[in-house]
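Enquirer: With the hints as constraints, model all of the structure from the sequences given.
If you want the building blocks of each chain, they are given just below.
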Amino acid sequence: MPLGDERSSLQSQFLAVRKFATASATAAENGIDDIPLPSNKPALQRFILESALPMATSLLLVGVATIGLLLTDRLFPANLVPIVYLIPVIIAATRWGTWPAVVAAITATTAADFFFFPPFYSFRLDDPQAAIDLLLFLLVALVSGDLASRLRRETETLRQREQEFHDLHEFSRRLAACFTVSDLIGAIQSYLSGAFGRHTAFFITASDKTFRPDPAGDIPAGVQDGAASMMRKAGLDASTIRDEATGNLWLLRAVSSEESTYGVIAVNIGSDSQALIDQRTHRIEAMLAEASLTLQRLNIGGAVEQAGLRLKDQLLSDAFHGNLSHELRSPVAAIRGSASVLQSMPEIRNEDQAHLLVEGITDEVERLDSFIGNLLNATRVSASGIRPHLECADPRDIVNAAIRQRSRQLAAHDVKTEFADDLPMINVDSALVEEACGQLLENAAKYSPPGSTISVTTRAERGQVIVSISDSGAGITAEERQQLGRRSFRGERYQATVPGSGLGFWIASTFIKANDGSIDIASEGEGCGTTASITLPAAVIEDEWLGSNDE
Amino acid sequence: MSKPTNLVLLIDDEPKIRRFLRAGFELHGGFTVLEAEDAAEGLRAATFNAPDLIILDLALPDRRGTEVLDLIRSWSNVPIIVLSVEANEEEKVRLLEAGADDYVVKPFGIAELIARSQAALRRYFKSPNENPVVVAGPLSIDLVNRTVLLNNNQIKLTRKQYRLLHVLATHVGLVVTHDQLLEEIWSGSVRKNIQYLRILVRDLRQIIEPDPNHPRLLITESGVGYRLQSRLEDVTLG
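In order, the protein sequences belong to chains A and B. Our numbering applies: residue 1 is where the first sequence begins, and numbers increase by one. Our numbering applies: residue 1001 is where the second sequence begins, and numbers increase by one.
There may be inaccurate statements among the hints.
[Unchecked claim] Residues from chain B that face chain A, not an exhaustive set, calculated with beta carbons under 10 Å:
id, residue
1, F1020
2, L1027
3, K1106
4, P1107
5, G1109
6, R1205
7, T1220
8, G1223
Worth flagging that the hints you see were computed from the coordinates, not collected in a lab. Even for Gly, the Cβ is constructed at its ideal location relative to N, Cα and C.
Expert: Structure (structure tokens):
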């Protein structure tokens, strides 16, 4: 019977009914689940294990069904025969797939003809009705076999999809937690070997374009050389290398975006016959393309940078959380305190020059202290992550405290504050939001001319409280705007170009994010000033006690 | 009011810090200074010299400052002002709950510490039959008659608003924690919520502050509590 047509008509039916299911079944057929594991077993052994054994078992099942039917021949009516023969077909389909099921169906039809349709013990059929019955049985057996095997594949594909999503989620979580570049390589490697189920390696491009050898060290030298040369040459993004020692073929593919190459994935595709290699190469190419898309999407470049930054911060933070913070702040406290005593002495107060000098000491030491504070904040952010201590707060208090805290930096500017009358409370970590406001105020002062106005308006809008800090300074150009999106992600690089500790905006945005808020930077363009807006969710106030204060 | 000269005990292991504290306290008059460079010496001095005020640094070489605080508090009510480098809110609240009268975060100016010290001493030496009127800038709060004057005009407050002002006035110049305020104002009420307090403060500010958007009398100590200034705070807006 024309099996191909049968299958394709079935497929179109499926297509019509369940597009997704068919698509995933096709994906399964295309080999995510049947890429053989790398093994040194001879081809014959593999053939027996993967094809011959299921076929033989299917035949055996049909035999068992036949014997059963022969033994109980007298007990059951003859029309039960086709139903009993369906059992081995369905079993074969659900356990081993389409082909064993087809074999079982054909064998069952033949056996039924031979044993149970007159004349018995002959393949001949006298009754045309019997011939039609048998053909119908074959048709039903093939269709149900195909359906059952399809169902099996579908379940498997779904399970696999689920696993893939799980792996991907796990992967992105691991990426975010990587402290060192070698952690990162480890995460990518384990993701890749999870996806390919074979020997893989990921080589990361260092920021200086030099090649980092594989840390595990079990990648052949030739492959490492190939990866290194791929990193140097831009535009070369795929190649194949044969390892002379083992005869294994390695597939190399660059993971890159428009700007840079993040790294090279190497996959061992083994050393089988050319046809098998070609087939496998084809499949792995497709998966590699998908994997490199995933890596691009997860922004490996950013992750590498972040991991480096985290490592640096970790070292810094260890130092700080040991004694450095105390060691740095104690002398600062002694200087600041001594200067304040000097300032209050009549001898100094009445002597203009001395007074100014002492004031200078105070100012500078306060600046030094705020710098140390910034470093401490930065290490706090990256070392343990921030755990905000949320508490209901009045936004007015936070804005006022931020302005008071930065009064020295804002001394040359005219700070105007405006609060809406209907400001709700916000549920935040006041200290973090205050620090973020302070950082933005400091930036506003830094990038606008002395004497100009910095206006701070606080208003409520659709369940949110928005604090906007506007200056009339340098503003932001179109190109800078484009970079801005990246800035918050790789704040470090951006901050390196502005004077100061360079951590301000990064700290501000991290602190605000930790409070479920966001910072938005807007500017009309160069020289037109900048407005930084902090948006925070308003606290939900229970109405029932609102009146209770007015008793 | 406080005695003519108060004995202040400085417990800090940094000689440079002790030096400027001594200079500051002596310069501002009314203080005799005693120094201790570690917890053991500090505890001995606190026992035998009966200081009127203790300035306690939290980072001492031989013992944690919080332990020293606990030990002193176990037998004495002497005002204690804590010095600390960590500006952590939970730590501050813990210290205040453990009995510290106030805290100052390093680095600080001497004027700030003297102001806190004087507020703590005033509260410590206040005798019950003394004038029960607390003055805070344009406000004067009569704690016995429960009347409040603002610029010499009597103002009307709700019961809870008065209660809040009363508690702050008995600690004028010193910080009072959220928990303490909630406890005092909503005593007996099962549900304690800081939102109550925030809104009560906002309402009270509308009445007593010259500019409620920029409070200069009823000051928020972020994450810790509130402080009623004894005079209008200078607002530095650049």
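Enquirer: If a hint holds in the structure, say so; if it doesn't, say that too.
Expert: Here's how the hints hold up against the structure:
Among the interface hints, the one on F1020/B holds; its C-beta lies about 4 Å from the nearest C-beta in chain A, closer than the 10 Å criterion. Against a cut-off of 10 Å between C-beta atoms, the interface hint on L1027/B holds, since the closest Cβ of chain A lies about 6 Å away. Nearest Cβ of chain A to the Cβ of K1106/B: about 4 Å, under the 10 Å cut. The hint holds. Hint status for P1107/B: holds, given a least beta-carbon distance of 4 Å to chain A, under 10 Å.
With a cut of 10 Å, the hint placing G1109/B at the interface with chain A holds, because the nearest CB-to-CB distance is about 4 Å. Evaluation of the R1205/B hint against chain A yields a held restraint, the C-beta minimum of about 9 Å falling below 10 Å. For T1220/B, the suggested interface contact is upheld, since its CB lies about 4 Å from the closest CB of chain A, less than 10 Å. The beta carbon of G1223/B is positioned within 10 Å of a beta carbon in chain A (closest approach about 5 Å), and the interface hint is therefore held.
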